[in-house]
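Protein chains in written order, with this note's numbering: chain C, 1309 to 1734; chain E, 1309 to 1734.
Incorrect hints may appear among the rest.
Okay, derived cross-link-like pairs now, SDA-like style, lysine to any residue, Cα gap no bigger than 25 Å in a straight line [claimed, not checked]:
hint, chain 1, residue 1, chain 2, residue 2
1, E, K1339, C, G1551
2, E, K1458, C, Y1633
3, E, K1665, E, D1717
4, C, K1339, C, K1403
5, E, K1545, E, K1428
6, E, K1709, E, S1729
7, E, K1647, E, K1705
8, C, K1311, C, N1354
9, C, K1705, C, N1651
10, E, K1418, C, F1631
11, E, K1647, C, K1418
12, C, K1641, E, N1719
13, E, K1328, C, G1600
14, C, K1458, E, K1476
15, C, K1339, E, F1631
16, E, K1311, C, K1328
17, C, K1577, C, T1673
18, E, K1545, E, N1719
19, E, K1338, C, S1634
20, C, K1346, E, V1391
21, E, K1428, C, D1336
22, C, K1328, E, K1476
23, E, K1338, C, E1414
24, E, K1650, E, N1661
25, E, K1458, C, K1403
26, E, K1403, C, N1629
27, E, K1339, C, T1639
28, E, K1311, C, E1348
29, C, K1418, E, K1705
30, C, K1311, E, D1597
31, E, K1339, C, D1597
32, E, K1476, E, G1563
33, E, K1339, C, G1313
34, C, K1428, E, N1342
35, C, K1339, E, T1639
36, C, K1647, C, N1629
Selected chain E positions facing chain C (Cβ under 10 Å, derived; list incomplete) [stated by the list, open to error]:
hint, residue
37, K1428
38, I1594
39, H1628
40, T1639
If you are wondering where the hints come from, they were derived from the structure by calculation, not from laboratory data. For each residue, glycine too, the CB sits at the ideal point set by N, CA and C.
There are 2 protein chains.
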Amino acid sequence: MDKVGIAILGLGVVGGGTYKILTGHAEDYKKTHNLDIKIECVLERNQERIKKFGVSAGTVVNNIAEVCSNPEVDIVIETLGGVEPAKSFVLSALKAGKSVVTSNKELYCKYGYELESTAKKNNCGLFYEATCVGGVPVIRAMLDNLQGNKITSLMGIINGTTNYILTKMSVCGGSYGEILKEAQALGYAESDPASDVEGFDSAYKLSILSSIAFNTKIPYTEIYREGITEIDYTDIKYAEKLGFKVKLLAIGKCGDKGIEVRVHPALIKSDHPLANVNDSFNAVFITGDSVGDVMLYGRGAGALPTGSAIVGDVIYCATHNNFNYSTFENTEKADTATKFVKNFSSAYYIRINATDKAGVLSHVTSVLGKNGISVAQVIQDSVETDGNVTIVLITHKTNEKSVNKAIKDINSNDISAKVVSILRVA
Amino acid sequence: MDKVGIAILGLGVVGGGTYKILTGHAEDYKKTHNLDIKIECVLERNQERIKKFGVSAGTVVNNIAEVCSNPEVDIVIETLGGVEPAKSFVLSALKAGKSVVTSNKELYCKYGYELESTAKKNNCGLFYEATCVGGVPVIRAMLDNLQGNKITSLMGIINGTTNYILTKMSVCGGSYGEILKEAQALGYAESDPASDVEGFDSAYKLSILSSIAFNTKIPYTEIYREGITEIDYTDIKYAEKLGFKVKLLAIGKCGDKGIEVRVHPALIKSDHPLANVNDSFNAVFITGDSVGDVMLYGRGAGALPTGSAIVGDVIYCATHNNFNYSTFENTEKADTATKFVKNFSSAYYIRINATDKAGVLSHVTSVLGKNGISVAQVIQDSVETDGNVTIVLITHKTNEKSVNKAIKDINSNDISAKVVSILRVA
C-alpha cells in the first residue's frame, strides 16, 4: 500500500468538495488502488469553512511554508482561484518537490509555461484536468486518447452560468436581465457575473483546451471574445423558428489558413448534439481526422464534479510515473510560426427592422448580394402596429469583413431598414 | 527521439485503419510526441490487403514467431478478432516481452485475466481502449479520470449496427427485416448479423466496461441478453407517442442489492441525452457519486475511429511507464462476494390487443394492480375494423417477476385481452 499525503490550499467550493470526496472515499481507494490517501494539511484561515468540513485543528495550517516543509505532503491541491497568491503558492510547492493538482483556469491559462517548467525542473507533476469543464474528462481525453489525431476543430459549451441563462431564456421566455437576477438568486451566477457572462471564463478554458488540441500555445489574448449580455429573447425565438438554438460557444479551428479561436453566442442547428446541452450542463465536441466527431458531456462546475476531476488527477499522479507535461508549452506566448485567422468564415443570422415599403426585402438581399453574401433562409414577419416589418435572414457562409460591410450598407440606405441583431451561425 | 517498433496482426478493417493512421502521421508524432513510430512488420497472408495498403514485401511476415523474435518490435497490435488464433498470438507476444494493444473485445472479455497476468509476469503492457465503443475514450476515462468516483450506473448504446437499424425504423418506418437487409446492403450489418442484432457484441463490451466501472470482474455470462430481432415498428411508434425512443441499451447498475447487468431493447425518455444518439453513433452515459452524469459520444466502430483508439494506446504505451493493469482482474470468474441481481426493477411498456368489450381496460389495470403494478401512462386506441382495440401502458417501477406474473394473468383471462409486446423502460 502506497501512502499519499495531500495538502489542500483553500476550502472554498471546489476545495471543500475535494476534501469531502477524499475523506469520504479514503477506505475505497485502499481497496481499488492500493493507495492510502491522507489529507495532511489544509491551508485555510476561514474558521467557518474549517468548522463546516470538520477539519481537525492539527490539520489546519496558516501559511504555504508549513505545507512546503511538511515531508508527509506529496501532492498539493490548489483550489484558490485567481492569480495571486495561488501562483506563488504553486511555485513554492513545486520548488519543494511536491506535485500539484490545480483547478485554477486563470492561473494555468496565463502562467502554464512558468508552472510547467518549474515542475519539470523539480521533477514533479502538474495536473490540471479540473481547470476545464469540471468533471468532464476532456483534457486527458485529448492527451491520452485522441493524441494520434490531428484535431481540426473543437466546439464547446464550457460555461455553466451562461448556458443556464440561455436555456431559461429559451424555455421560459424573459429578458437576459430578469433571468440573470433569477440565476444569481439561485446561486447559479455570481453577484459580479462579468467573468461568466462576458465570456472570460470560457476564453481561459478555450485557451487551455485549444493549446492541447492544436499542440501549440494559444494565449487567451488571441481569443475573440463576446458575451451574452446583448442577447435578446426575440432572437432566440426567431432562431428556433429557423431550426437553431442559441448557445455561448467556444470555438477552436485549425485549418490551412491558420488557427481560429473565438468565444461568442452563436446559432447551432437544433439537431446538433451541442444544441441539446441544457441548463448548467457543459459539453465539448471535438473533431479529429481519424476519430471523427466525439462529444464529452457532463457537469462543467460544482463542488463534487470539479472535485472528481481533482481526485482523478491525484490518483493518476500517485499511480503513474508520467508527469503529464505538455508537448507544446514552450512559452506563454504563441509560437511565431502560428498564424491566427481573424476574419472568421461563418454563416450569419441577421435581424432587420424596416418600414413596410415595397421592395425592402429585395433591397436588403441586393445589398447582401453586392457584398458577395447569399441568403439561405428568410422570414419576413407580418407588419407591426408601428408599420414596421421584421426581416430575419440566415446567410450562406461568408466572412466577418463582408458581413460588416453589408450591415453598414444596409443601415445607410434610404428606405429605413436597420440591422437590429447579428449573430454567427456555428 | 524514442524509436517505437510496431507489429500489426491482421490488416482487416481495424488493422488497415491503424496502418493508415500510423503511416500517415509518422512525421507528426515525431514533432508532437518525440516518437519515431515505425511499422516493423505486418502479419497478414491476404495478398489483396497487402497490396491495398501498399505494405512493402520486407514488412510482411507469415507467422507470429517472426514477430516475437524481431528485436525491433516493441508493441504488437492485435486486430484479428475472435478467440483463436488471436489469443495464442497475444500470449506469445507478451511472453516475448512485447506490449500488446488490442481491439478484440471477445478475447479481452473472455480471457482478460490470463492475458493480463501474462503481461504482468513479463513486465509489459496490455491496452484495450479499442475493444469498446471505437474511438470514444470511455475505458481511459473510467481508469484515469473518474476513478475517484463510486460509479453507480452506466448505460450505453454501444453497438452501431443495431442503433442504425432502430434509428432507420423510427425515422423511415419499415419492419426490422426490411431495414436489416438495407443495412446489410450498405455494409452497416454483417451478412451473419447475429453477434450484433442478438446483443452478443454489446454484452462483451458491457462485460469489459462494467468490470472497470464496478471494480470487480463481471463475466459476460452473467449478463442478461436480449436482441432487437423481435422489435416491431408499431411499438416504436407508440413509444414515441408516449415520449420515448426505443434503443438497444447495455445497462450496468451497482447498488445495495448487488450488481445488475443487462443488454436489451428499452424505452428511454426522448429528452435523455442517449435518446438523441442516432444512426451508427454510440454513447455511454455514466453516473458517479461525485461527478454526477457524464456522457461520452462518438463513432463506436469503423476503421479510423477504432484505429484512433489503438494509436492512442500505442502512444500512451510509448510515453508512460504505467502498464494499465486493472485493479480487479483476479480471475475470469466473478468474485464470490459479488451478488448479481436477476429480478430487475424497471418500468415496463406493455401493448395489449383486446376485444372491444366494456370493462377491458379496467380488467387489465385491475390484474396489474393485483400484482402490485400501477400504471403511469395509458393509450387506448380506437376500435380496429376487426373489432379489436389496442391498449398501450407504461407502468410505474416494478420488477421482472411481478410483470411476468401479471402478463400471464392478463393472457389467461376470459375477455380475450392478450399481451402482444413488452419492453423495459430505462
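Taking the hints in turn, this is what the structure says about them:
no.: 1; hint: E:K1339 - C:G1551; result: violated (42 Å)
no.: 2; hint: E:K1458 - C:Y1633; result: violated (28 Å)
no.: 3; hint: E:K1665 - E:D1717; result: holds (18 Å)
no.: 4; hint: C:K1339 - C:K1403; result: violated (32 Å)
no.: 5; hint: E:K1545 - E:K1428; result: violated (52 Å)
no.: 6; hint: E:K1709 - E:S1729; result: holds (16 Å)
no.: 7; hint: E:K1647 - E:K1705; result: holds (22 Å)
no.: 8; hint: C:K1311 - C:N1354; result: violated (28 Å)
no.: 9; hint: C:K1705 - C:N1651; result: holds (12 Å)
no.: 10; hint: E:K1418 - C:F1631; result: violated (33 Å)
no.: 11; hint: E:K1647 - C:K1418; result: violated (50 Å)
no.: 12; hint: C:K1641 - E:N1719; result: violated (74 Å)
no.: 13; hint: E:K1328 - C:G1600; result: holds (15 Å)
no.: 14; hint: C:K1458 - E:K1476; result: violated (32 Å)
no.: 15; hint: C:K1339 - E:F1631; result: holds (19 Å)
no.: 16; hint: E:K1311 - C:K1328; result: violated (44 Å)
no.: 17; hint: C:K1577 - C:T1673; result: holds (23 Å)
no.: 18; hint: E:K1545 - E:N1719; result: holds (23 Å)
no.: 19; hint: E:K1338 - C:S1634; result: holds (14 Å)
no.: 20; hint: C:K1346 - E:V1391; result: violated (44 Å)
no.: 21; hint: E:K1428 - C:D1336; result: holds (24 Å)
no.: 22; hint: C:K1328 - E:K1476; result: violated (46 Å)
no.: 23; hint: E:K1338 - C:E1414; result: violated (31 Å)
no.: 24; hint: E:K1650 - E:N1661; result: violated (29 Å)
no.: 25; hint: E:K1458 - C:K1403; result: violated (34 Å)
no.: 26; hint: E:K1403 - C:N1629; result: holds (24 Å)
no.: 27; hint: E:K1339 - C:T1639; result: holds (17 Å)
no.: 28; hint: E:K1311 - C:E1348; result: violated (42 Å)
no.: 29; hint: C:K1418 - E:K1705; result: violated (51 Å)
no.: 30; hint: C:K1311 - E:D1597; result: holds (24 Å)
no.: 31; hint: E:K1339 - C:D1597; result: holds (17 Å)
no.: 32; hint: E:K1476 - E:G1563; result: violated (35 Å)
no.: 33; hint: E:K1339 - C:G1313; result: violated (36 Å)
no.: 34; hint: C:K1428 - E:N1342; result: holds (17 Å)
no.: 35; hint: C:K1339 - E:T1639; result: holds (16 Å)
no.: 36; hint: C:K1647 - C:N1629; result: violated (35 Å)
no.: 37; hint: K1428; result: violated (14 Å)
no.: 38; hint: I1594; result: holds (9 Å)
no.: 39; hint: H1628; result: holds (4 Å)
no.: 40; hint: T1639; result: violated (16 Å)
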